[in-house]
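Taken in sequence, the protein lines are chains G and L.
Heads up, the first sequence is in the working numbering, so the first residue is 1 and it goes up one at a time.
Heads up, the second sequence is in the working numbering, so the first residue is 1 and it goes up one at a time.
By construction, these hints were calculated from the structure, which means they are not laboratory data.
Yeah, the Cβ is synthetic: ideal placement off N, Cα and C, and Gly gets one too.
It cannot be assumed that every hint is accurate.
What the hints assert, rightly or not - In the DSBU-like style, the derived pairs of lysine-lysine whose C-alpha atoms are separated by at most 35 Å in a straight line are:
| hint | chain 1 | residue 1 | chain 2 | residue 2 |
| --- | --- | --- | --- | --- |
| 1 | G | K16 | G | K117 |
| 2 | G | K16 | L | K135 |
| 3 | G | K103 | L | K103 |
| 4 | G | K134 | L | K160 |
| 5 | L | K160 | L | K103 |
| 6 | L | K134 | G | K135 |
| 7 | G | K103 | G | K117 |
| 8 | L | K117 | G | K16 |
| 9 | L | K16 | G | K16 |
| 10 | G | K160 | L | K103 |
| 11 | G | K171 | L | K117 |
| 12 | G | K160 | L | K135 |
| 13 | L | K171 | G | K103 |
| 14 | G | K171 | L | K134 |
| 15 | G | K117 | G | K135 |
| 16 | L | K134 | L | K16 |
| 17 | G | K135 | L | K135 |
| 18 | L | K171 | L | K160 |
Claimed, not checked - Restraint ranges, calculated between C-beta atoms of paired labels, are given here:
| hint | chain 1 | residue 1 | chain 2 | residue 2 | range |
| --- | --- | --- | --- | --- | --- |
| 19 | L | P19 | G | P104 | 48 to 54 Å |
| 20 | G | E56 | L | E20 | 33 to 39 Å |
| 21 | G | L203 | L | K103 | 15 to 21 Å |
| 22 | G | G30 | L | N3 | 24 to 30 Å |
| 23 | G | E56 | L | E56 | 52 to 58 Å |
| 24 | G | R196 | L | I131 | 21 to 27 Å |
| 25 | L | E52 | G | P104 | 47 to 53 Å |
| 26 | L | P122 | G | G189 | 23 to 29 Å |
| 27 | L | K117 | G | L186 | 17 to 23 Å |
| 28 | G | E56 | L | R23 | 28 to 34 Å |
| 29 | L | P122 | G | E144 | 54 to 60 Å |
| 30 | G | G189 | L | V59 | 33 to 39 Å |
| 31 | G | R196 | L | L51 | 29 to 35 Å |
There are 2 protein chains.
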Amino acid sequence: MDNPLNNPDLPRIGGKTWPEFIRLVENFHGYAAPGALLGGIMVELARERLLELRSERPVLFIVMAETYACLPDAVQLLTPCTVGNQRLHVLNLNRYALSFFAKPDGQGARVFVDNAKLGPWPHLRDWFMGITDKKDQDEALLCEDIRQGGAEACSVQLIKARPEFMSRERKGRNAICPICGEPYPLRDGESCLGCRESLPFELS
Amino acid sequence: MDNPLNNPDLPRIGGKTWPEFIRLVENFHGYAAPGALLGGIMVELARERLLELRSERPVLFIVMAETYACLPDAVQLLTPCTVGNQRLHVLNLNRYALSFFAKPDGQGARVFVDNAKLGPWPHLRDWFMGITDKKDQDEALLCEDIRQGGAEACSVQLIKARPEFMSRERKGRNAICPICGEPYPLRDGESCLGCRESLPFELS
Numbered sequence: 001m002d003n004p005l006n007n008p009d010l011p012r013i014g015g016k017t018w019p020e021f022i023r024l025v026e027n028f029h030g031y032a033a034p035g036a037l038l039g040g041i042m043v044e045l046a047r048e049r050l051l052e053l054r055s056e057r058p059v060l061f062i063v064m065a066e067t068y069a070c071l072p073d074a075v076q077l078l079t080p081c082t083v084g085n086q087r088l089h090v091l092n093l094n095r096y097a098l099s100f101f102a103k104p105d106g107q108g109a110r111v112f113v114d115n116a117k118l119g120p121w122p123h124l125r126d127w128f129m130g131i132t133d134k135k136d137q138d139e140a141l142l143c144e145d146i147r148q149g150g151a152e153a154c155s156v157q158l159i160k161a162r163p164e165f166m167s168r169e170r171k172g173r174n175a176i177c178p179i180c181g182e183p184y185p186l187r188d189g190e191s192c193l194g195c196r197e198s199l200p201f202e203l204s
Numbered sequence: 001m002d003n004p005l006n007n008p009d010l011p012r013i014g015g016k017t018w019p020e021f022i023r024l025v026e027n028f029h030g031y032a033a034p035g036a037l038l039g040g041i042m043v044e045l046a047r048e049r050l051l052e053l054r055s056e057r058p059v060l061f062i063v064m065a066e067t068y069a070c071l072p073d074a075v076q077l078l079t080p081c082t083v084g085n086q087r088l089h090v091l092n093l094n095r096y097a098l099s100f101f102a103k104p105d106g107q108g109a110r111v112f113v114d115n116a117k118l119g120p121w122p123h124l125r126d127w128f129m130g131i132t133d134k135k136d137q138d139e140a141l142l143c144e145d146i147r148q149g150g151a152e153a154c155s156v157q158l159i160k161a162r163p164e165f166m167s168r169e170r171k172g173r174n175a176i177c178p179i180c181g182e183p184y185p186l187r188d189g190e191s192c193l194g195c196r197e198s199l200p201f202e203l204s
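So here's chain G without its partners, still in its complex pose (with noise of 0.2 Å):
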């Protein structure tokens, strides 16, 4: 039997055609970054687990990923989580590493890039590691490595995530900063964030 790999339509990525998915990546991504692709093939991934793991449907969910590179437009572009919608969070820890939760107990599905896995994907291996100048990197040999081997690639773990991540806080009521005279929630305290913590500009 021949390879599916074989055929460059394959894997489709939320329902698209691969060539498809990489021209929604150039769309909202700008260009079409290997990150994001890998990322499409992760959103997949974390989201088959989750649903192999609830037998009611439809499965409500919140995403959480561990970088902001290049991961969080993919699950943005193929889920209903986003950051603004506050269903998807992200976290600075600099792993390439995705989670989906099922509301409301948190049952979750981790998606990561497992180095041991590595190895039969010399483009994906050496970019992924840092390893390869971007100068120096095929983009066609990348990206082909990332659609035969992303899946294979990453190792999923089932989680669960703690309740306080699942239970999002109420805003509240709006006071005025005595300091910048903006509107920001009571609760923050005696004036807004933005006035007790070093900000990154200043009035010209």
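Please arrange chain L on chain G, whose structure you already have, making use of the hints.
Quick look at chain L alone, frame taken from chain G:
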């Protein structure tokens, strides 16, 4: 002369009519959240102000949102800046404000909802200040207040980003974390951040 805001297709947001913009928000964000609609108006204000400041074209920029609530999705829908391509930074300050910063020098325009200007828009004011209970909210009146009054209810500040905010560090080589066995950037230290911080999940 007729008030242009008697025309329900105005204001145009990202080149789209107001009803088209609402559908865009529904598709990405999941529903026409008032915060995302107001966010679209704020994106337009910040972009216009930044373009007025700069003579060169095109202006390359990055964006900062001061809240996770809704606003990041307006930015991601209407600009090339996303969380995953790291041209959109979200600070968890709970202020409803966003800033556009021109590259490379960080000259910027910050748009915030100005409490002093909310008076003529009681539905917008009461929603924004958290006075109206969600179940008592008249969504149509609120949406109309946002459409007609959103731009008037905001103020713009000229700001300047700190230099470190405008420069993006390269990730460099990855190593294998001796604790979890996953790849992580060597610059993070002897183990990955995921193994040094408290995580919102555990293995199940």
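To see whether the hints hold, each was checked on the structure:
1. G:K16 with G:K117: holds (26 Å)
2. G:K16 with L:K135: Between K16 of chain G and K135 of chain L the Cα gap is close to 38 Å, so the pair fails against 35 Å, i.e. violated.
3. G:K103 with L:K103: violated (41 Å)
4. G:K134 with L:K160: Holds - the C-alpha atoms of K160 of chain L and K134 of chain G are around 31 Å apart, at most 35 Å.
5. L:K160 with L:K103: Measuring from Cα to Cα gives roughly 11 Å; hence the hint holds.
6. L:K134 with G:K135: Status violated; Cα separation ~52 Å.
7. G:K103 with G:K117: This hinted pair holds, its Cα atoms lying about 31 Å apart.
8. L:K117 with G:K16: With Cα atoms ~46 Å apart, K117 of chain L and K16 of chain G exceed 35 Å; violated.
9. L:K16 with G:K16: holds (26 Å)
10. G:K160 with L:K103: Answer violated: K160 of chain G to K103 of chain L is near 42 Å, above 35 Å.
11. G:K171 with L:K117: Judged against 35 Å, a Cα distance of about 22 Å means the pair holds.
12. G:K160 with L:K135: Status holds; Cα separation ~32 Å.
13. L:K171 with G:K103: holds (34 Å)
14. G:K171 with L:K134: Given that 35 Å is the threshold and the Cα spacing comes to 12 Å, the pair holds.
15. G:K117 with G:K135: holds (25 Å)
16. L:K134 with L:K16: holds (28 Å)
17. G:K135 with L:K135: violated (55 Å)
18. L:K171 with L:K160: Between K171 of chain L and K160 of chain L the Cα gap is close to 26 Å, so the pair holds against 35 Å.
19. L:P19 with G:P104: 48 to 54 Å: Violated - the Cβ-Cβ distance for P19 of chain L and P104 of chain G, about 35 Å, lies outside 48 to 54 Å.
20. G:E56 with L:E20: 33 to 39 Å: Once the Cβ atoms are compared, 36 Å apart, the range 33 to 39 Å for E20 of chain L and E56 of chain G holds.
21. G:L203 with L:K103: 15 to 21 Å: For L203 of chain G and K103 of chain L the Cβ distance comes to about 20 Å; the hint holds.
22. G:G30 with L:N3: 24 to 30 Å: The hint (24 to 30 Å, Cβ to Cβ) is violated, given that G30 of chain G and N3 of chain L are roughly 38 Å apart.
23. G:E56 with L:E56: 52 to 58 Å: Given range 52 to 58 Å: holds, Cβ gap about 55 Å.
24. G:R196 with L:I131: 21 to 27 Å: Given a distance of about 24 Å, which is inside 21 to 27 Å, the answer is holds.
25. L:E52 with G:P104: 47 to 53 Å: Roughly 48 Å apart at Cβ, these two residues keep to the hinted range, so it holds.
26. L:P122 with G:G189: 23 to 29 Å: holds (28 Å)
27. L:K117 with G:L186: 17 to 23 Å: holds (21 Å)
28. G:E56 with L:R23: 28 to 34 Å: At roughly 30 Å between Cβ atoms, R23 of chain L and E56 of chain G fall inside 28 to 34 Å, so the hint holds.
29. L:P122 with G:E144: 54 to 60 Å: Between P122 of chain L and E144 of chain G, where Cβ atoms are some 59 Å apart, the hint holds.
30. G:G189 with L:V59: 33 to 39 Å: Holds, since G189 of chain G and V59 of chain L (Cβ atoms, about 37 Å apart) stay within the stated range.
31. G:R196 with L:L51: 29 to 35 Å: Holds, since R196 of chain G and L51 of chain L (Cβ atoms, about 32 Å apart) stay within the stated range.
Consistency note: the structure conflicts with the earlier hints numbered 2, 3, 6, 8, 10, 17, 19, 22.
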